[in-house]
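Fit chain B to the supplied structure of chain A, relying on the hints for placement.
As they're listed, the protein sequences go chains A and B.
In this text, residue positions in the first sequence follow my numbering: the first is -4, and each later residue adds one.
In this text, residue positions in the second sequence follow my numbering: the first is -12, and each later residue adds one.
Bear in mind the hints are in silico, worked out from the structure with no lab data behind them.
One thing to keep in mind: the hints can contain errors.
[What the hints assert, rightly or not] Simulated crosslink set (BS3-like; lysine-lysine; CA at most 27 Å straight-line):
id	chain 1	residue 1	chain 2	residue 2
1	B	Lys100	B	Lys86
2	A	Lys43	B	Lys128
3	A	Lys48	B	Lys128
Residue strings, one per chain:
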Amino acid sequence: MIDRRALLRLAAGAGTASLVAACGWDGGNAVRPLLLDVSRLNDWVGEKILFSKHRLAPEYDVAERTAVPMFPSYFISPMMPMLQDPKTWRLQVGGLVRQPLTLSIDDLQAMPRTTYTVKHHCVEGWSAIATWHGAALSALAERCGMLPQARYVRFDSFDSGYSNGWDLASAMHPQTILAYGMNDNPLPPSHGAPLRVYSPTKLGYKMTKYLVSVTFTAERPGGYWEDQGYPWFGGV
Amino acid sequence: MTFVVLAGMIMSGLQIYTAYARFGERGGPYYVNAFEGHGFPSWSRLGGWLAGGLNWHFALVWPLVAGGVLYLSYLVWSGEWRSLLFRPRDIRGAIEMQKYYLRLRKDHPPQGKHNPLQKLAYTFIILLGVLSVLTGFAIYKPTQFSWLTALFGGFQAARYWHFWAVWIFTGFLVVHVILVFVVDPASLRAMISGWYRGRFPSHD
Chain A
-4 MIDRRALLRL AAGAGTASLV AACGWDGGNA VRPLLLDVSR LNDWVGEKIL FSKHRLAPEY
56 DVAERTAVPM FPSYFISPMM PMLQDPKTWR LQVGGLVRQP LTLSIDDLQA MPRTTYTVKH
116 HCVEGWSAIA TWHGAALSAL AERCGMLPQA RYVRFDSFDS GYSNGWDLAS AMHPQTILAY
176 GMNDNPLPPS HGAPLRVYSP TKLGYKMTKY LVSVTFTAER PGGYWEDQGY PWFGGV
Chain B
-12 MTFVVLAGMI MSGLQIYTAY ARFGERGGPY YVNAFEGHGF PSWSRLGGWL AGGLNWHFAL
48 VWPLVAGGVL YLSYLVWSGE WRSLLFRPRD IRGAIEMQKY YLRLRKDHPP QGKHNPLQKL
108 AYTFIILLGV LSVLTGFAIY KPTQFSWLTA LFGGFQAARY WHFWAVWIFT GFLVVHVILV
168 FVVDPASLRA MISGWYRGRF PSHD
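Looking at chain A on its own, in the form it has when it is part of the complex:
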């Protein structure tokens, strides 16, 4: 009798589990907010406990690079975002800064150049290796006189409003750059020309492509995928 009851309980448990799965359940209105709360907790753990601003991502040999056609890229616009006139493109740097800046690619290339060959981690589970060239975001923050009230950075693009919000610690990491080059060449349009955010401390979707502005803020900015439920911190 007892065993039969235990069996029934097991069956009921398994039944509920498969019923839940049959719906591809994301938690529904009751559980989804709880899952997002835990995701915020995980963001906090990821930023305050697991992330180190001094720890550098491992670098690879250029021979280990992934062939460019094999390195996936994407955009949210129906067509690949391209500038009508690349010469008129400027990066706006503003928000909580002493001196807002308007910079051309030449201005960015005149800054000290950071180059590294690192592994790219996508939230989907794939990875690929490439070399990136750019200017450290921390150097830019210094140049525009970032104010002490700044706690986050918002990156905006010309890809149908795609944007990302970052914690300041990750943004000021020495390997976080505004990249204008990939694999010894100018950044190709498929990977965000003329300028994109790059950092081996973040998942791919956090690294805004087709960049138009960098804004230092006191409030936490959302982001394209983050607002749809993807982890906000997205650190690796």
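Frame of chain A; chain B shown alone:
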């Protein structure tokens, strides 16, 4: 409870796997994998889409790891580990036990609560559980824990071992439950309630 959490972890894991259903760097070569290129059917997945699967996975990992740590601390604190952990001195007993099972020996060798082969199996499963969690961290933070990721052979290898550790774990669980039904159904009650009233006095 553990069963529900584990089922949720596995099902959200299948949801995550479906986003990139292979192991290996972009451009290949890929690791040997019977499930390559195939997502799992929707009834076996939890989360609805990748973000949902991730959020379930990273939420359920808290009770799973907390339960695991509590269980391991209980084993250490209560001294129970002595009857579960396979140690070098159990090797001889394991061989004798194997002989008995293969009918090369007639009498059942003397044993404590669990025989040496059971100890071997339980020790293996605990190591497998620890491996699942560690490979999980290696995938979760491959830059912050790059030493751990490197220990498993890199990011894609860690994904591979994470995936297979769970299949082996699940296989063990199925065999374990079948054995319980065949050998001693009363211990099923003990598994759930914690009290045993069956025919094996050593289990009291």
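Hints versus structure:
1. B:Lys100 x B:Lys86: holds, 19 Å
2. A:Lys43 x B:Lys128: holds, 14 Å
3. A:Lys48 x B:Lys128: Satisfied, since the Cα-Cα distance of roughly 14 Å is no more than 27 Å.
When each numbered hint is compared with the structure, no violation occurs for any of them.
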